[in-house]
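**Q** In case you want the letters, here they are:
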Amino acid sequence: MLTNLLIFLPLIGALVVWAAPLSRGETAALAVLVALSEVAIWVVALVGFDFGSASLQDSAQREWFGDLGVTYHVGFYGFSLWLAGLTVVLGAAAIGFGAWVGRDRARAYFGLMLFLIGAVVGVFASQDLLVFYVFFEAMLIPIYVLVGVWGGPNRITATVTFVIYTMVGSLLMLASIVVFGLSQGTFSLIDSGTSGNEWVFLGFMIAFAVKAPLLPFHGWLRTAYTEAPPEVAALLSGVVSKAAVFGLVWIVLPHFPGPVDSWRTVVLVLAAAGLVYGSLLAFRQPDIRGVVAYSSMGQMSLIVLGIFAANDLGLDGAILHSVSHGLVSAAMFLLAGMLIHRTGTDRFADLGGLAKGRPALATVVMVVGMLTLAVPGSANFAGEFAILAGVFTQGWGYAAVGAVAIVLAAMYTLRLISAVLHRARGEAVREESRDLRLLELALVVPLVAILLALSVWPTAISGHSPGLPTQGSSEATP
Amino acid sequence: MIAGAWLCLLAPLAGALLITLAGTHLSRAAAGWISTLSVFVGFAGALVAFLQVAGESADERSHTSTAYTWLAAGKFQVAMQILVDPVSLTMMLIITGVGGLIVWYSMGYMKGEDEERRYFAYMALFVFSMLMLVMGGNLLLLLVGWGLVGLASYLLIGFYHDRPEAIAAAKKAFLMNAIGDAAMALGFFLLIAKTGSLDFSTAFDAASSGQLSPNTANLVALGLLGGAVAKSAQLPLHTWLPDAMEGPTPVSALIHAATMVTAGVYLIVRTHAIFEAAPNVQHLSAIIGGVTIVVAGLIALVQWDIKRVIAYSTMSQIGYMFLAAGIGAYGYAMFHLLTHAFFKALLFLAAGVIIHHLAGEQDVRKMGGLRKVMPYTHAVFLVGALALAGIPPLSGFWSKDGIIASALAEGGVLGYTLLVLGLLGGFLTGAYTFRLYYLVFHGEPSELVLEHAGGHMHEAERAHGHGEHAHGEGPLSMLAPVGVLAVLAAIGGLIVIPGLWEPFLTWIDGVAEPLVTASVTQDYATSAAAVALAGIGIWLARWAFVAGRELVPASALRTVFEHKFYFDEIYDALFSRPAQLVANRLRDDVEVPVVQRSLGEIGTGVKEAAGGTARLQSGLLRSYALVIAGSVFVLMVVFVAVR
Numbered sequence: 004m005l006t007n008l009l010i011f012l013p014l015i016g017a018l019v020v021w022a023a024p025l026s027r028g029e030t031a032a033l034a035v036l037v038a039l040s041e042v043a044i045w046v047v048a049l050v051g052f053d054f055g056s057a058s059l060q061d062s063a064q065r066e067w068f069g070d071l072g073v074t075y076h077v078g079f080y081g082f083s084l085w086l087a088g089l090t091v092v093l094g095a096a097a098i099g100f101g102a103w104v105g106r107d108r109a110r111a112y113f114g115l116m117l118f119l120i121g122a123v124v125g126v127f128a129s130q131d132l133l134v135f136y137v138f139f140e141a142m143l144i145p146i147y148v149l150v151g152v153w154g155g156p157n158r159i160t161a162t163v164t165f166v167i168y169t170m171v172g173s174l175l176m177l178a179s180i181v182v183f184g185l186s187q188g189t190f191s192l193i194d195s196g197t198s199g200n201e202w203v204f205l206g207f208m209i210a211f212a213v214k215a216p217l218l219p220f221h222g223w224l225r226t227a228y229t230e231a232p233p234e235v236a237a238l239l240s241g242v243v244s245k246a247a248v249f250g251l252v253w254i255v256l257p258h259f260p261g262p263v264d265s266w267r268t269v270v271l272v273l274a275a276a277g278l279v280y281g282s283l284l285a286f287r288q289p290d291i292r293g294v295v296a297y298s299s300m301g302q303m304s305l306i307v308l309g310i311f312a313a314n315d316l317g318l319d320g321a322i323l324h325s326v327s328h329g330l331v332s333a334a335m336f337l338l339a340g341m342l343i344h345r346t347g348t349d350r351f352a353d354l355g356g357l358a359k360g361r362p363a364l365a366t367v368v369m370v371v372g373m374l375t376l377a378v379p380g381s382a383n384f385a386g387e388f389a390i391l392a393g394v395f396t397q398g399w400g401y402a403a404v405g406a407v408a409i410v411l412a413a414m415y416t417l418r419l420i421s422a423v424l425h426r427a428r429g430e431a432v433r434e435e436s437r438d439l440r441l442l443e444l445a446l447v448v449p450l451v452a453i454l455l456a457l458s459v460w461p462t463a464i465s466g467h468s469p470g471l472p473t474q475g476s477s478e479a480t481p
Numbered sequence: 057m058i059a060g061a062w063l064c065l066l067a068p069l070a071g072a073l074l075i076t077l078a079g080t081h082l083s084r085a086a087a088g089w090i091s092t093l094s095v096f097v098g099f100a101g102a103l104v105a106f107l108q109v110a111g112e113s114a115d116e117r118s119h120t121s122t123a124y125t126w127l128a129a130g131k132f133q134v135a136m137q138i139l140v141d142p143v144s145l146t147m148m149l150i151i152t153g154v155g156g157l158i159v160w161y162s163m164g165y166m167k168g169e170d171e172e173r174r175y176f177a178y179m180a181l182f183v184f185s186m187l188m189l190v191m192g193g194n195l196l197l198l199l200v201g202w203g204l205v206g207l208a209s210y211l212l213i214g215f216y217h218d219r220p221e222a223i224a225a226a227k228k229a230f231l232m233n234a235i236g237d238a239a240m241a242l243g244f245f246l247l248i249a250k251t252g253s254l255d256f257s258t259a260f261d262a263a264s265s266g267q268l269s270p271n272t273a274n275l276v277a278l279g280l281l282g283g284a285v286a287k288s289a290q291l292p293l294h295t296w297l298p299d300a301m302e303g304p305t306p307v308s309a310l311i312h313a314a315t316m317v318t319a320g321v322y323l324i325v326r327t328h329a330i331f332e333a334a335p336n337v338q339h340l341s342a343i344i345g346g347v348t349i350v351v352a353g354l355i356a357l358v359q360w361d362i363k364r365v366i367a368y369s370t371m372s373q374i375g376y377m378f379l380a381a382g383i384g385a386y387g388y389a390m391f392h393l394l395t396h397a398f399f400k401a402l403l404f405l406a407a408g409v410i411i412h413h414l415a416g417e418q419d420v421r422k423m424g425g426l427r428k429v430m431p432y433t434h435a436v437f438l439v440g441a442l443a444l445a446g447i448p449p450l451s452g453f454w455s456k457d458g459i460i461a462s463a464l465a466e467g468g469v470l471g472y473t474l475l476v477l478g479l480l481g482g483f484l485t486g487a488y489t490f491r492l493y494y495l496v497f498h499g500e501p502s503e504l505v506l507e508h509a510g511g512h513m514h515e516a517e518r519a520h521g522h523g524e525h526a527h528g529e530g531p532l533s534m535l536a537p538v539g540v541l542a543v544l545a546a547i548g549g550l551i552v553i554p555g556l557w558e559p560f561l562t563w564i565d566g567v568a569e570p571l572v573t574a575s576v577t578q579d580y581a582t583s584a585a586a587v588a589l590a591g592i593g594i595w596l597a598r599w600a601f602v603a604g605r606e607l608v609p610a611s612a613l614r615t616v617f618e619h620k621f622y623f624d625e626i627y628d629a630l631f632s633r634p635a636q637l638v639a640n641r642l643r644d645d646v647e648v649p650v651v652q653r654s655l656g657e658i659g660t661g662v663k664e665a666a667g668g669t670a671r672l673q674s675g676l677l678r679s680y681a682l683v684i685a686g687s688v689f690v691l692m693v694v695f696v697a698v699r
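Each protein sequence line maps, in turn, to chains A and B.
Offset between the first sequence (1-based) and the working numbering: plus 3.
Offset between the second sequence (1-based) and the working numbering: plus 56.
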């Protein structure tokens, strides 16, 4: 019941916003209300959740195409509950940001945002491949429109590139789903067995590699993240990319143990390369969103390293890092949006000196920056550490590459912090450019507060993700 | 006892949070008081814990207190726990005691500074982080503290954030330390792979029982040494420390002299079991220390900035501690750490009084004759200088001498080499310290000194922020802590008198049994040699000053010293430039032309094919329809293929 509510409340909210002739203010208020209710519902689900149990909880099931073995089946495991929580929290922050900026064509905009949130929650709750596919596609459509209509000057190119990439991925995935489901006789993720078919495996892998993105499937990343409105970019990097995590953890790992083992080295090498590649490019970007975009690519590669580490240490770390990366990259995109709102730009050349006389802004940017570079003691550090310690057993080289990436992350983040906050005042910064105001703080500070709480107790997530596929069989792989 | 320790750890954190959250609701003075008091409350807690532990028998002095499981992932677990034993207690007392004095001093030094509250929040954050480092009850928490002190150091070096040099120095310090952190993390990954845990006891038992292969022990120890060398500014990862002098002077005293930079020594002593399982790596740390003593001492001879001279001296003195830890004289390593905290903090703070008095001037060529104008500062500085030079009976004599004697006792090629380096270092210390002393305090008062003798406001003063001048040499909040440190620097060494009275060594020995112990004869022999050499150094400095000459005459050698042995230039050519080059090439030759442009072309092609170049929605819909049609086609193919 709770799961259905969590999925369908925003979808219904979207329909209401589209259909009802509300004013712009009323629309925004309704959307914010729905988004906050989502958070409340999720908290109720969290409180009632039994982390001692490794079985599906809050599940709902209904016959769909019985003769094909398709059922509407949703529910949560420990790890997917955390991903859903990430979604509703970032969803609320993003919708709040949209309301604060006052996006035009409000009914269309807020409807799409709500729709997006419902679809992403649906992705994380899916226990049937076709249900997963439907939500996965439903998640992409609002993104196309949000980027294409409310995006920056190059939004068309960004959208078209994004559509091409995701469509190719989706088609391959659909083909894989159909083949896998028909050969298993069921589309259920819980009832179906394992498959050794490498082509089917690759279909899934490429779809998720595009979504993450992994090298070399990241061509859409730069334009999509910078042309999208900042709050949409926050959702893209924060939660939409995590659909890949869910797919890898819950579809690929348990159902394709053979191909996972034989392709493990390829995936790990690509992920390690993507980690360094993304971090190096982040170091040479001229604007905040460029840095966060490539940094996200690096961090998602790191998460994939953890998922393919073939042990629980890396996998738990990957789930923890998914949540903390989602929070921190979204916070950074929202901050970029707030700076753009003040100065009209997020290019480093035009910024600078914002720390002087703006203590709240300086503090928030500094804290978010330090979380981005995973300063020891932060939740991001805990996740990164667990991932690298986990993948060390697959080869010390991966961990060594990860250690290099730690230094690179410090390089690009410190560059970002200094360019925004320090030195002389930049050209785009006016003396009267204000400090963060209460409304803006209300959007970012909760994300930071959650991250700090997780830093005090990262076990909340890493030690409370039961139901993850066991990896005992492949533990011995050298 | 445990409650006192937890109080010690958490009080400064509470102080930092309070100042941050209260923001501008708090007056500037209140922020200073909260920060100072929170550190002194920590000191009280540490003192309570110390008195209780000191009362216990020697083999029951190690206590671990666990709060909860900090990180659990897979089968790996790390607890939020603290370890209270003689080594951590010594560090706690230094950090909160000397730290409290320095934060107190800051209230005078930073008065009128633009962002005072931020400063005091950072200082409290630093003290908390440093305590976390030394109290952390397992290797991961040690690494957490290790990283957090790096963060606090970054924030404080870059405190004057509108100065590009300060920001560059802050970034450099953070990056160098990130390299060290990464090395340590790699060592820890290996340890986890071999033992499944980062608990002290597991790791040390595995090391001392021979469960770790020699190869593994070497690699883990190398990782630890990498972190230690970066944090303690030893060769070759030292270049950040002189630049770090861009931070406010009390910061240099606390972080870059008394506490954080000595963390590497603490690390080696704490993990001595691992180093003892890897004797080659342990000896390497002794050699690194010995070479750093001399190289830093030589560079200090030609510096003109009062703070940089003291900074190079810090590097050099930490070299002694590394030397001691590297040959297993753990008690003397910790002892020198303690006395160095007293006299080096004293020297920095006294320099701060001068800088404050002279409105931010740090160039010794513009000073001179300050003895008459600032008699109090002169007296305390002289105590610090003599202690640093190792003149009996001041504190530095007892600790430094013990280290040199241990090198003699170690013997062999290694021991004698270290002995020579240590003695040479003693000579250099006397020379550079008193070169500085004479330049600053003797001779005729310079123009700048005369100008400030009346205590009137100067143009540069407002620019630098030291707005308010107290009467005399400075405000009481600055002079009082300096006085306390002068007393400690003078008598603080009397807790180890070889052969007669060695309570401090016994205290540390309970945690880290020494591998080498000098005989009393060896002690007296090296004492005589070291004091004589230091005396020659001092005499040379005086002779050069009176003769109006430089200690190192202009020559190729002097150029090498002035360029600090070209480390910055070499790193620039070896690492910075190549990294930037690779990143730029990746961006300009791979990412943009291959990944992005080719895609842009595809995108344009599709748009044109869909016929909607102008109107977005229709164009989008059409391309979407195209794709859907394509997908149906693929599906049909798949269905046919499966049947």
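Calculated directly from the structure, the hints in this document are not laboratory data.
One or more hints might be untrue.
Once the Cα atoms are required to be at most 20 Å apart in a straight line, the calculated SDA-like pairs of lysine to any residue come out as [as the list claims (entries may be wrong)]:
hint, chain 1, residue 1, chain 2, residue 2
1, A, Lys-359, A, Ala-427
2, A, Lys-359, B, Leu-77
3, B, Lys-131, A, Pro-469
4, A, Lys-359, A, Met-369
5, A, Lys-359, A, His-344
6, A, Lys-359, B, Phe-215
**Q** Hint by hint, note whether the structure agrees.
**A** Going through the hints against the structure:
1. A:Lys-359 to A:Ala-427: holds (9 Å)
2. A:Lys-359 to B:Leu-77: Status holds; Cα separation ~18 Å.
3. B:Lys-131 to A:Pro-469: holds (13 Å)
4. A:Lys-359 to A:Met-369: At roughly 13 Å apart (the allowed maximum being 20 Å), A:Met-369 and A:Lys-359 satisfy the hint.
5. A:Lys-359 to A:His-344: holds (18 Å)
6. A:Lys-359 to B:Phe-215: holds (11 Å)
Of the numbered hints given earlier, the model fails none.
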